[in-house]
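Listed here are the chains, written in short residue letters.
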Amino acid sequence: MGDDYTRLWTYRLKWLYTLLVVFTLMLPVFYVIYISFNQNGFGARDYVFTFEWYSGIFTDLLLMNALGNTMLLAAITTVLAVPLGLIAAKFYKATGTDRAKLLTVSLLLSPLFVPADILGSALLVFFKNLNIACATAGEWLGVSWFETWFELGYFSALVGLIIYTIPYIFVVILITMGRYKEQQSEAARSCGATAWQAFYQIEFPQIRAGVFSACAFTVILSFNEYTRTSLLKGGYDTITSVLISQMLNEGMSEQSYAMSSLISFIAIAVIGSIIIYTLVHTDRLEREARAKAQPVMSS
Amino acid sequence: MIKVRPQLGGMGGSDITAPIPASRLRWQRGLSRALFLLPIIFMMVFFALPLALTVVWSVFERTMFWMKPGFTLFSYENFFFSARLDNFLSSMMHSSVSVVVSFVLGFPIAVFIRRRIPQVAQHRVILLFILPFMVSEIIRIFALRPVLQRTGLVNTVLLELGVITEPITAILYTPMGVIIGEVMSFLPFIVFAGFLAMEAVPKYIFEICDDLGAPRHRVFIDVILPLAAPGIFAGGVFIFVNGLGVALLPNILGGPGAVNAGLIATQAIAALDFPLAMAVSAIMMATLLALLYLGHRLFNLTRILSPIN
Amino acid sequence: MNQKNDIAVQVSGLAKNYGAVQALRGVDLTIGAGEYFVLLGPSGGGKTTLLRLLGGFIRPTAGQILLHGRDVSEQPPNRRPTSMVFQSFALFPHMTVAQNVGYGLRLRRLPKAEIAARVDAMLEMVGLKDLADRMPHALSGGQQQRVQLGRSLVLEADILLLDEPLAALDAKLRKDMCLELKHLQEQIGITFVHVTHNQEEAMTVADNMAIIADGVLVETGTAQDLYENPQARFTADFIGENNIFDGRVSGLTGSGVEIDLGFAKFTVDAQGQTPRVSDMVSVSIRSELVRVLGPGEAPEALLQTVPATYGEAVYLGLATSHVAKLANGDNIVARHVSRGGTSDDFEAEAPLTYAWPRTQMRLHLS
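Chain order of the listed sequences is A, B and C.
Residue numbering for the first sequence follows this note's numbering, beginning at 2 and increasing consecutively.
Residue numbering for the second sequence follows this note's numbering, beginning at 31 and increasing consecutively.
Residue numbering for the third sequence follows this note's numbering, beginning at 147 and increasing consecutively.
The hints are simulated quantities; they were obtained by calculation from the structure and are not laboratory data.
Not close to chain B: a few residues of chain A, all C-beta gaps over 10 Å, as computed:
1. Asp47
2. Met72
3. Tyr201
4. Phe213
For lysine to any residue, the following SDA-like pairs were computed, each having C-alpha atoms within a straight-line distance of at most 25 Å:
5. A:Lys94 to B:Arg63
6. A:Lys102 to B:His326
7. A:Lys94 to B:Ile70
8. A:Lys15 to B:Gln149
9. B:Lys98 to B:Leu83
10. C:Lys258 to A:Trp197
11. A:Lys102 to B:Ile70
12. A:Lys182 to B:Phe66
Where a beta carbon is used, it is the ideal one built from N, C-alpha and C, also for glycine.
Full structure from sequences and hints, please.
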């Protein structure tokens, strides 16, 4: 164990290392952003700064069409998955038995451990089979209104995205709920609130930050998702599927560099502001927590 | 002595404490139970069921464009008695290397954050590692190409600095490239898992160790590792399994020899060999379950969940 | 609601299981309207479970709950004539004191002006008039509990449930608030049902109380009844400081019961109970009624005596406990008011006689 000075230096070195790792992880993205501003594109000897490619994005119909699909998918996924995750987290906290808790946790967290391509393939075959089953049943019954329910398309892509995002939602909300004392809901009930009133008047204001972060995560994660969506989306184009097909075939177009930079930039900005908000917010929460832990001892 | 008091209901407020008829109570309870079970049912139907059915579909017979019910082990034969097995095994190797590299690079950060950063600030530092994760994986992985390739960022910088005289070509379109990609993609997860795992190591333990004058490596081996083991293991399994299953990595960064289970599955689907894809999925799920079972026997993985309880 | 009904709470055959654990078994209980009723018992004994069943936060496994004659067993908390004060400071942290107190009134859609007037009156009543705009985290523990009390009382529910409301406060504050609660209840006149594990707290506030342990309602009565004439051995053991002797009935003579303790034989009045020969029973005597007779001091008639070997004196301020060992190895305690300075010294290991009036002994069949 060294003296205070060497400790201070190792402390700084450790900080430096931590930031360096984050920077390295971000490096390729920064590089893409750098290239996207080069008039001569990737690999050129001379660097000429330009916004040209960015203006090109919005005239690229393929990209714009894909952007529309992607945004719609991300929005619907968020609207469906966040309430599902919230309900699951409430169930997890409310249920009394350990077995129900374990079942909930393992069902909701295990999608983390199932690689994208494996889950995507399994769901693809699942939906194709459902589709065949529906067609057969329709033929047999002589009705056809449900025959196209499970065709690959928005619905199947949504299912894939919900399963992909729900573990993150579940964890984020559960951690925020950890600070909430269930007795407040009971107090509200005994004041005459219905279960629903107790939730949205008392509990929700206190877990709002977690729910909103979960929403932001879900939008960004489903926006960025490629593997599951591309396997399950049917005929639609999404941003990531357009990008990857360009990447693998003719190499990325300059517009695509610009598009990648733009969506990366937006994601970083959104999450960045959430981080900043959380910093401010946790500060306040922490102060309150401290104040609660040691109430002013005069009555 | 009871004073007769006016009821709130009679004072212009609505009487919200009137009893609910039994029939309405019953369907309200049923509705709320159904609501709470909704996520579970959803995950059962669209997650657990399809994955379980992969085993069934993997023994179906392949047809021209689809498959038909039957029982054949042809797909497994196709997997185990071909180059696919070699590819699978070598991708396991690469994955294991990625796990070790990620652990060595990432876990000290988790320990550092837990030990030396004030409690209030810890979560914020952890949030930094979410940033790279917020950029689409295809951009992150694909962007490694211009960084790692012959004329890319790494080689240019190293050449400029005079560290090397010839561009390094072994870091892209090789298994090495895949490992670099895996570490770059999954390192944050070992930091998250490590951070959660370190929750199991109370801070005063470090003070006790300092007090006893234990050398650092002994503190690490005797105290930190055993307590944080379940979390570290979960993080390791996560990286290992994704290294095996994410097709994008070998697809974009790997050379001809770098094929993992995910890529085998997607290639099979592209070739309309659905039973083979299902067999690969089933094998992956078996690998995952075996690892988790092993981990559970060794460390009792439910301990990881204590921070969220 | 029937205000003339004299029974506020009537519980019959109430049981609650958590999986295989029986938290509460076959409880029958009646609480009169306007009573201050205390549920007293050791931690984990089921008293809080009973209170939460009354409040509707958990559903009974079996049995029935009538509140003011109405069966509410299946009703949720917001549909019962009850209101609850919690042990932890369960205030709504995102609302001011006044908003906390007015929450239930807002739910009832009362006019704004009326809400404000009622909240003001309530804050005055619980002594928080000046803190109306504070946030809960800026209050002391005692103040937070007052806010909770106000939040419940302002609703004018018929029954107020208090779940260890003072447990999180320090000892001095607890004493003051105890009396305050009692006076508040007398002033408002509604039924209070108060759960605590603290005897002193219970005795201070209770009109009537019930002892609950191991999921069973052991005994009910006034504080004085339970202290002076406990029916159950558990009550004698739990309340006050009693010396308890277990033995077997060896003979019945009229209303006298002869009990063989192994090292001695006591004769106790049956007090209306009907023990049978060779039943296992217990006899208890409060420690403050026990006297220590020095060597050679002759016992008066009507005194029950036992020989004991002196152990030690424990000075407790007001009282001093003289602990001695009986022939069977059990301790016996005599508690006397401390006599300043020279306490009555006995030699350790001295053979003494412990004695108490026969008529004060109580027989416990269970």
